[in-house]
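Undergrad: Each chain, written out:
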Amino acid sequence: MNPSQINLRQIIGRIGLWLSVFVIVSPAILFFLWMASLSLKFEVDNAAYPPVFIPEHFAWKNYADVLASNRFLTYFVNSLIVTGSATALALLVGVPAGYGIARMAAHKSAIVILIARITPGLSYLIPLFLLFQWLGLLGTLVPQIIIHLVVTVPIVIWIMIGYFETTPMELEEAALIDGATRWQVFRHVALPIARPGIAVAFILAVIFSWNNFVFGIVLAGRETRTLPVAVYNMISFDQLSWGPLAAAALIVTFPVLLLTVLAQRQIVAGLTAGAVKGG
Amino acid sequence: MSALTQSTPAAAQSGVAPEKELRPPSYWPFVVPALVVVLAIIIFPWVFTIWMSMNEWKVGSPTTFVGFSNYLRLTSDPRFLEAVGHTLVYTVLSVVLPLILGTLSAVVFHQKFAGRGFLRGIFIMPMMATPVAIALVWTMMFHPQLGVLNYLLSLVGIPAQLWVFHPATVIPSLVLVETWQWTPLVMLIVLGGLAAIPTEPYESAQIDGASFWQVFRFITLPLIMPFLFIAGMIRMIDAVKSFDIIFAITQGGPGSASETINIYLYSVAFTYYDLGYGSAIAVVFFLLIVLLAAVMLYARQRMLWTEIARGA
Numbered sequence: 007m008n009p010s011q012i013n014l015r016q017i018i019g020r021i022g023l024w025l026s027v028f029v030i031v032s033p034a035i036l037f038f039l040w041m042a043s044l045s046l047k048f049e050v051d052n053a054a055y056p057p058v059f060i061p062e063h064f065a066w067k068n069y070a071d072v073l074a075s076n077r078f079l080t081y082f083v084n085s086l087i088v089t090g091s092a093t094a095l096a097l098l099v100g101v102p103a104g105y106g107i108a109r110m111a112a113h114k115s116a117i118v119i120l121i122a123r124i125t126p127g128l129s130y131l132i133p134l135f136l137l138f139q140w141l142g143l144l145g146t147l148v149p150q151i152i153i154h155l156v157v158t159v160p161i162v163i164w165i166m167i168g169y170f171e172t173t174p175m176e177l178e179e180a181a182l183i184d185g186a187t188r189w190q191v192f193r194h195v196a197l198p199i200a201r202p203g204i205a206v207a208f209i210l211a212v213i214f215s216w217n218n219f220v221f222g223i224v225l226a227g228r229e230t231r232t233l234p235v236a237v238y239n240m241i242s243f244d245q246l247s248w249g250p251l252a253a254a255a256l257i258v259t260f261p262v263l264l265l266t267v268l269a270q271r272q273i274v275a276g277l278t279a280g281a282v283k284g285g
Numbered sequence: 475m476s477a478l479t480q481s482t483p484a485a486a487q488s489g490v491a492p493e494k495e496l497r498p499p500s501y502w503p504f505v506v507p508a509l510v511v512v513l514a515i516i517i518f519p520w521v522f523t524i525w526m527s528m529n530e531w532k533v534g535s536p537t538t539f540v541g542f543s544n545y546l547r548l549t550s551d552p553r554f555l556e557a558v559g560h561t562l563v564y565t566v567l568s569v570v571l572p573l574i575l576g577t578l579s580a581v582v583f584h585q586k587f588a589g590r591g592f593l594r595g596i597f598i599m600p601m602m603a604t605p606v607a608i609a610l611v612w613t614m615m616f617h618p619q620l621g622v623l624n625y626l627l628s629l630v631g632i633p634a635q636l637w638v639f640h641p642a643t644v645i646p647s648l649v650l651v652e653t654w655q656w657t658p659l660v661m662l663i664v665l666g667g668l669a670a671i672p673t674e675p676y677e678s679a680q681i682d683g684a685s686f687w688q689v690f691r692f693i694t695l696p697l698i699m700p701f702l703f704i705a706g707m708i709r710m711i712d713a714v715k716s717f718d719i720i721f722a723i724t725q726g727g728p729g730s731a732s733e734t735i736n737i738y739l740y741s742v743a744f745t746y747y748d749l750g751y752g753s754a755i756a757v758v759f760f761l762l763i764v765l766l767a768a769v770m771l772y773a774r775q776r777m778l779w780t781e782i783a784r785g786a
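Residue numbers (the working numbering), protein chains in the order written: chain G, 7 to 285; chain V, 475 to 786.
Same shape as in the complex, but just chain G (with noise of 0.2 angstroms):
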């Protein structure tokens, strides 16, 4: 072969590469794009035929007019309430267990987190629910967050396991020697150390109990719903129109979009270790 086939070959392989992730990436691209152009037109481009795509006026009202309906403020305020206890309670208990259970070796533990994962999330429901009932906690966010448990509890608990096994003991020996008890070793030594897994345990937690539907439609109440639940009843009832309801749409799932696009290195590094390891 002479250099210039080589070259031409190469240029080929090149264009042929570009062209499959072109292809690979578009179905994402383009349906995000269609649904922020949903969002910024008004009935009359979004009833059109053909679709428009890109409107002569930007319909900004739809954002205002989501934004600005007071019932959105307590779902958003909601949201962060439910998702935000989750996951700090999901790490206070997680990451030492996560530790304990690395440190031990003691991998059988792990079958009652696979066991959570393989239940589908209606099963905690019912029983949860009528505990609920029973404690008069129905009409508050407490159930909510607790139930929200069942999502970021073993998501953090996996990560951690992962994460210590992986860090070096040499340290923490050297501390134990030196007189420092357990906790102190956790505290000043391991701890610090684990602070990148830490922040992919709290980021898919975060995303996931954020995420969350099913717990939200049995448990919420008028007051209580959290932002995919109020998105969902927006369907049912408020009978809107296209553009309002996709603006709501990309209005609660944008925190989680920006995440994934500014955290994906991390996002990538929790779901292979969690999803390889046997999630």
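I should point out that these hints are in silico values taken from the structure, not numbers from a laboratory. There's no promise every hint is true.
[As the list claims (entries may be wrong)] In silico negatives: residues of chain V with every beta carbon more than 12 angstroms from chain G:
hint, residue
1, Glu530
2, Phe542
3, Pro552
4, Leu555
5, Leu567
6, Arg594
7, Met614
8, Ser628
9, Val664
10, Pro675
11, Tyr676
12, Asp682
13, Pro696
14, Gly729
15, Arg776
[Unchecked claim] Over 12 angstroms on every C-beta distance to chain G, these chain V residues come out as not near it, computed from the model:
hint, residue
16, Asp551
17, Arg590
18, Met599
19, Ala607
20, Met615
21, Thr657
22, Leu697
23, Ser730
24, Gly752
25, Ala756
26, Ile782
[Said to hold, decoys possible] Pair by pair, the computed Cβ-Cβ distance ranges are:
hint, chain 1, residue 1, chain 2, residue 2, range
27, G, Ala42, V, Ala773, 58 to 68 angstroms
28, V, Leu765, G, Ala111, 50 to 60 angstroms
29, G, Pro198, V, Thr745, 21 to 31 angstroms
30, V, Met770, G, Ile17, 19 to 29 angstroms
31, G, Ile17, V, Val563, 23 to 33 angstroms
These figures come from a predicted structure and were not determined experimentally. Even for Gly, the Cβ is constructed at its ideal location relative to N, Cα and C.
Put chain V on the given structure of chain G with help from the hints.
TA: Positioned in the frame of chain G, the structure of chain V alone reads:
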């Protein structure tokens, strides 16, 4: 909660104090708070569900122990049996399609090109986005008159479809959404597998002048098989349980054409408030997932043995 966490350091100290040789027990205090949570939100619901499944348990009326009659009722409930069928069709399609597309995407993302990290971030957006929000937009796209999908079909000369509004096309349409959403997860797992493959076999294949397809079929595919299996297993578990997309787009309709076990379970438990029967469905549903996982494991073992036998 705070009482629990504050007791941890003290407990850790007292565990270590008497005897430094006693290392293993001293890690227990780290695990105890999580253990309490797991017992309360995972183990307790399971035990309680099994107990409820043996009772006639409806909201607002007294409960009576009925043994296994809820389970017997399942075997002659046409709506449940139909839901099992829908679930199996939905699951098989939602495992196979993302596996194929995800593997191809992983091969592409395994190459080096500018902006790979950013494009990978875009590529995984469908699986991270809020399912209800996505479902809402897909519903608009499926609209027979105003939806963009029928417009796109008309551009290539295919007649308009009814998508999720017709019993014959509703499951394939939902699978389309599921595939769009979850192909990225398969891609990520397979990509991890590709990164672990040594480069030597590729170098010798290149010297032997193997084609791209031959390299993929005889080198890449066998080496990523374990990862494909894991991806398939995870995909199966998630597809069987799929709820958000189906519920938000069709609620099991039209009629009951897309009613899977999970959707039926929701109706029984939270529309009819028949909690005893719902619990029985939940138990059988869980066992079905375990059974499917066992079948996949068995098939994988068989495959490994035949490969070894053929090699010997």
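Undergrad: Can we confirm that no CB of chain G comes within 12 angstroms of the CB of Ala756 of chain V?
TA: violated, 4 angstroms
Undergrad: Are all beta-carbon distances from Tyr676 of chain V to chain G longer than 12 angstroms?
TA: Label holds. Min Cβ-Cβ 14 angstroms, cutoff 12 angstroms.
Undergrad: Find the nearest Cβ of chain G to the Cβ of Ile782 of chain V and say whether that gap is larger than 12 angstroms.
TA: holds, 24 angstroms
Undergrad: Over 12 angstroms to the closest beta carbon of chain G is the bar; see if Ser730 of chain V clears it.
TA: Fine: 17 angstroms to the nearest Cβ keeps Ser730 of chain V off the interface.
Undergrad: In this structure, is the beta-carbon distance linking Ile17 of chain G and Val563 of chain V contained in 23 to 33 angstroms?
TA: Hint violated: Cβ distance 45 angstroms, outside 23 to 33 angstroms.
Undergrad: Compute the least Cβ-Cβ separation between Leu555 of chain V and chain G, then decide whether it is above 12 angstroms.
TA: holds, 18 angstroms
Undergrad: Would you check whether the claim that Asp551 of chain V is not at the interface survives, using Cβ distances to chain G and the 12 angstroms cut-off?
TA: At about 17 angstroms from chain G, Asp551 of chain V clears the 12 angstroms cut-off, so the statement holds.
Undergrad: Mind verifying the non-interface call on Asp682 of chain V? Its CB should be farther than 12 angstroms from each CB in chain G.
TA: holds, 15 angstroms
Undergrad: Quick check for students: does the CB of Pro675 of chain V sit more than 12 angstroms from each CB in chain G?
TA: Given a closest Cβ separation of 20 angstroms, the condition holds.
Undergrad: Range first: 21 to 31 angstroms. Now tell me if the beta carbons of Pro198 of chain G and Thr745 of chain V are that far apart.
TA: With Cβ atoms ~50 angstroms apart, the hint is violated.
Undergrad: Is it correct that the beta-carbon of Pro696 of chain V has no partner in chain G closer than or equal to 12 angstroms?
TA: At about 18 angstroms from chain G, Pro696 of chain V clears the 12 angstroms cut-off, so the statement holds.
Undergrad: Going by Cβ atoms, does Met614 of chain V stay more than 12 angstroms from chain G at every point?
TA: Answer for Met614 of chain V: violated, closest chain G Cβ roughly 6 angstroms.
Violation of the numbered hints given earlier is confined to hints 6, 7, 8, 9, 17, 18, 19, 20, 21, 24, 25, 27, 28, 29, 30, 31; the remaining hints are satisfied by the structure.
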